[in-house]
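Listed here are the chains, written in short residue letters.
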Amino acid sequence: MAASSSSPFLSLRDENEQPQQQQLLPSAAAAPPSAAPANKRRRNQPGNPNPDAEVIALSPKTLMATNRFVCEVCNKGFQREQNLQLHRRGHNLPWKLRQKSTKEVRRKVYLCPEPSCVHHDPSRALGDLTGIKKHYSRKHGEKKYKCEKCSKKYAVHSDWKAHSKTCGTREYRCDCGTLFSRRDSFITHRAFCDALAQESARNLNPPSLSSIGSHLLGLSQHDQMNQGALSSHDILRLGRPGQQYETLVSPGGFHPSPRGLFLHPNHDHDHQDHQNQSPHSAMLPNKSSLQSLMQLPQLHMNNTANTSSNSSAAGLFNLSFFPGNNNNAASTIDGGSHHSAAGYDSTLFSSGNLMSIAIPSLYSTSQAMQTPSGGQMSATALLQKAAQMGSTATNNGGASSSLLKSFGKSPDHHSFGGSGVYGGSNSGSGNHLHDLMMNSIAAAEGGSAASMFEQAEMEEYRGFHGGNSNSQQSGFSSLEQAGRLTRDFLGVGEIVRSVREQQQQQSGMEHLGSLDLQGKTTSHTQPFGGRSFQ
Amino acid sequence: MFPTPSPPSLISPYPWLKDLKPEERGLYLIHLLITCANHVASGSLENANIALDQISHLASPDGDTMQRIASYFSEALADRILRAWPGVYKAFRSTRMPVLAEEIHVRKMFFEFLPFMKVAFVISNQAIIEAMEGEKMVHVIDLNATEPTQWCALIRDLSARPEGPPHLRITGVHQKREVLEQTAHVLIEEAEKLDLPFQFHPVVSKLEDLDVEKLRVKTGEALAISSIMQLHTLLACDAGGNRSPLAPMKGVGVQFQRAAHTNQGTLGELLEKDMVNGYSPSIDSPSSSPLSSMPSSPKIDGYLSALWGLSPKVMVVTEQDSDHNGKSLMERLSESLYFYAALFDCLESALPRASIERLKMEKMLFGEEIKNIIACEGGERRQRHERLEKWNQRFELAGFGNVPLSYYAMLQAKRLLQSYNCDGYKIKEDNGCVVICWQDRPLLSVSAWRNRR
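Chains as they are written, first to last, in this note's numbering: chain A, 233 to 766; chain B, 7 to 459.
Chain A extracted, bound-state conformation (with noise of 0.2 angstroms):
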């Protein structure tokens, strides 16, 4: 298709420069062509008019007419003159009936006399007079058949005989149980019906919309697969101003199971949330994840030991340093995996690894599972819950511990963490920790770090740090950032504790907003390459 009409673009931006004419008209390209039988009268292509015809113009009342041919002696109009000449035999006046020529007919074409329409233009002019005479009387003329069963007016009789065979044949009928033969009136009083809009609120199963509109725009070509289909459909269509959308509705039709997030079966869980059960609370996220999860610190409390006063967490932290079981842990996992994952894995996620054991004892203790229903929360609602839980934390007394609220705020303490998570600084339990950090780090150094930065893919990345030393401290700092990583996330009890609180949302925008670079203080801090990735 694109070839073929290739050329009357062209041609269209050439004859812009032609004479007026020309540029009224589209390309010819969608016209279809003459018809079969060779006798039929050729029609023009729409657009290109025969420049030989003879255009005539009738005055309005010529053309109104309707019987042009009068009888002279008793007045008897006619409209063929064929007609005429025979009625003039029976008063025995001389008649003669005209043959048709034996030379080429002049093509005809007919201007509408009405100056400001279209057909008015010699190169829009139409080829048959009846057709003229039928356009004059619909555009420019008066109306004067009315349909009984509509209010529709028609100035051709022969419009006015043809609606009326379909009129009334379609009948609407809303749910409510009203019905309508009219169309217009019935989307009107559907858009405002009481019971429709009941039946929206509890529809379950979306309807696919219809493609009604859509065979027009060649759009989807789902069926109407609910009884609902038509009306909500139909709802758009308020009237001809209306009707634009109605073309536009066809959203594929694919609306899949149910509000989706709550309703998918969770495999992983057995048990739902059973508060959110409703689909159209799907976003309420917030309370429902605040709830479960403020079954954490009690389990917390029950089932760790606490080592350390302030957290009841750091007690389950205890638990994930320790190297010696982590070394083995993550050695044991290596089969796979590529290898600089090993060494560093063995302290980055030795947490995980007794973090793999200690979460799931908590949960299993649990009364109910932890997770909104389903346990699929909806991206939007993770994003806000993330920042509730930065902003909160933060406003525990400069425990910036949370996910995102420390970038912005704490520029003199480390990367990620703040001051300890669990209310003091490095001091008392936290220094514990940092330290058991450290060690594990140390021990597993021999392996981590250097293995770290001597895997072959990571070697470009050596090239820039200057050698071991520099690698291997930024190899630390990452490596305590990624503990304190770990250690944050988990670091959920303490946060949820305030979360609940402070039962309100915060808008989680404005603090992931103000997330900026001077949070980042780590060792290694050197601009890769001289350049910045800001």
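Treat the hints as calculated values from the structure; they're not laboratory data. We put the CB at the ideal spot given by N, CA and C, even for glycine. Take these hints with a grain of salt, some might be off.
[To be verified] Label pairs and their computed distance ranges (CB to CB):
hint, chain 1, residue 1, chain 2, residue 2, range
1, B, Leu417, A, Met296, 38 to 46 angstroms
2, A, Ser383, B, Lys199, 23 to 31 angstroms
3, A, Arg339, B, Thr225, 29 to 37 angstroms
4, A, Glu346, B, Gly140, 15 to 23 angstroms
5, B, Thr225, A, Ser348, 15 to 23 angstroms
6, A, Ala289, B, Glu395, 56 to 64 angstroms
7, B, Tyr414, A, Arg330, 56 to 64 angstroms
8, A, Arg370, B, Glu386, 51 to 59 angstroms
9, B, Arg458, A, Met296, 42 to 50 angstroms
10, B, Tyr413, A, Arg415, 22 to 30 angstroms
[Said to hold, decoys possible] Heads up, simulated DMTMM-like pairs for lysine to aspartate or glutamate below, C-alpha to C-alpha not over 25 angstroms straight-line:
hint, chain 1, residue 1, chain 2, residue 2
11, B, Lys319, B, Glu227
12, A, Lys384, B, Glu139
13, B, Lys142, A, Asp353
14, B, Lys420, A, Asp416
15, A, Lys376, B, Asp201
16, A, Lys397, B, Asp201
Once you have looked at the hints, place chain B on chain A.
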């Protein structure tokens, strides 16, 4: 087309990961993304690498919403990192061959499965119809003529109006001739069916290089301009030392030309100086005092001036309503996380996870936008979405006055959204502009403007 998913923790050294509940995994992913971005922003690549590696075990393009988002964001961050080695980067992308048909297909799907385009069309058309009441000669300029549906609907409505149809001309602008031809074909057919005098005029041109003379606006005709998610790309021309000359435009003051020259610098310099903001310092312009906080951007201002010079009866603009044009990576990351999280949620509610259409949209449409926002800088970063207020300021600076969208337009938009039967969509009115939101997160805004003076 898409690789079969392997569960993230299958051969992972972190077996505990598969015990993570989806919510925790999601939170962790957010954390990792921000961590990684911080590392990238400060240049600590190996840390970024670690974070990306962790993300790779949790994220997946066919997992849940957060996993998908994370996979595209992490790809964008990796793209950004890789640009540090231009040779490697270019080699890596050298065999990429974008298929036009696929891109068109993806846009069609975006139109069909998500309501945004349709709502934009409905509102735009209504604004145009209202502005053109009583006009006999109507000329509509579409700054990105890919989707003929909008104009088919307009043709239908105009031919049905009580005073009779006007003579309609539509000028479509697009880079590719084939697309314009396709659009023309559909529209001409539609107009013929309804016996509406109609002309289509294709203009093959990049938007930023558009010459308004080519639009052939005639005196005596009523002009409407429609721009759907296009103008933000023009903001890229000011940053990054784009030296393309301003298209010859009417009414461009000398000060704009001067500003364009001060803007220029090489891309390398920009990277070197760690300066993302390529805007020149604000210049003295007559009405700049209330806008002193906004950097002047000669290209877009000049462009808007040119459009203003055409004296349109109405200009309807649809834009993404989110600030993805921040100077720092972290700003853009956090804003775009929210924005695309909402979009991915929309998709989640519209299509099942296994749907190929959804995967394609996420990858080819949203994924590419995310990549552009996160990984690119300067003239290459074309997805410079901005908030509605900023756009409003720009329009007013260029001499436009807001035309509040009518109640009827809003009603139609509401009905349309209701038909999607999804509670997440909300529509609200903001100073005469309409904003489509997902769960209170504004996504798309539609506004109408006319010449103020």
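Verification of the supplied hints:
1. B:Leu417 with A:Met296: 38 to 46 angstroms: For Met296 of chain A against Leu417 of chain B, whose Cβ atoms are near 43 angstroms apart, the range 38 to 46 angstroms holds.
2. A:Ser383 with B:Lys199: 23 to 31 angstroms: holds, 26 angstroms
3. A:Arg339 with B:Thr225: 29 to 37 angstroms: The hinted range 29 to 37 angstroms holds for Arg339 of chain A and Thr225 of chain B, with Cβ atoms some 36 angstroms apart.
4. A:Glu346 with B:Gly140: 15 to 23 angstroms: At 18 angstroms between Cβs, range holds.
5. B:Thr225 with A:Ser348: 15 to 23 angstroms: Given a distance of about 19 angstroms, which is inside 15 to 23 angstroms, the answer is holds.
6. A:Ala289 with B:Glu395: 56 to 64 angstroms: Taking Cβ atoms as reference, Ala289 of chain A and Glu395 of chain B lie about 58 angstroms apart, which means the hint holds.
7. B:Tyr414 with A:Arg330: 56 to 64 angstroms: Holds: the Cβ-Cβ distance is about 59 angstroms, inside 56 to 64 angstroms.
8. A:Arg370 with B:Glu386: 51 to 59 angstroms: holds, 57 angstroms
9. B:Arg458 with A:Met296: 42 to 50 angstroms: Once the Cβ atoms are compared, 49 angstroms apart, the range 42 to 50 angstroms for Met296 of chain A and Arg458 of chain B holds.
10. B:Tyr413 with A:Arg415: 22 to 30 angstroms: Cβ of Tyr413 of chain B to Cβ of Arg415 of chain A: about 23 angstroms, so the range 22 to 30 angstroms holds.
11. B:Lys319 with B:Glu227: holds, 10 angstroms
12. A:Lys384 with B:Glu139: holds, 23 angstroms
13. B:Lys142 with A:Asp353: holds, 16 angstroms
14. B:Lys420 with A:Asp416: Given that 25 angstroms is the threshold and the Cα spacing comes to 18 angstroms, the pair holds.
15. A:Lys376 with B:Asp201: With Cα atoms ~23 angstroms apart, Lys376 of chain A and Asp201 of chain B stay inside 25 angstroms; holds.
16. A:Lys397 with B:Asp201: Holds, because 24 angstroms separates the two Cα atoms, which is no more than 25 angstroms.
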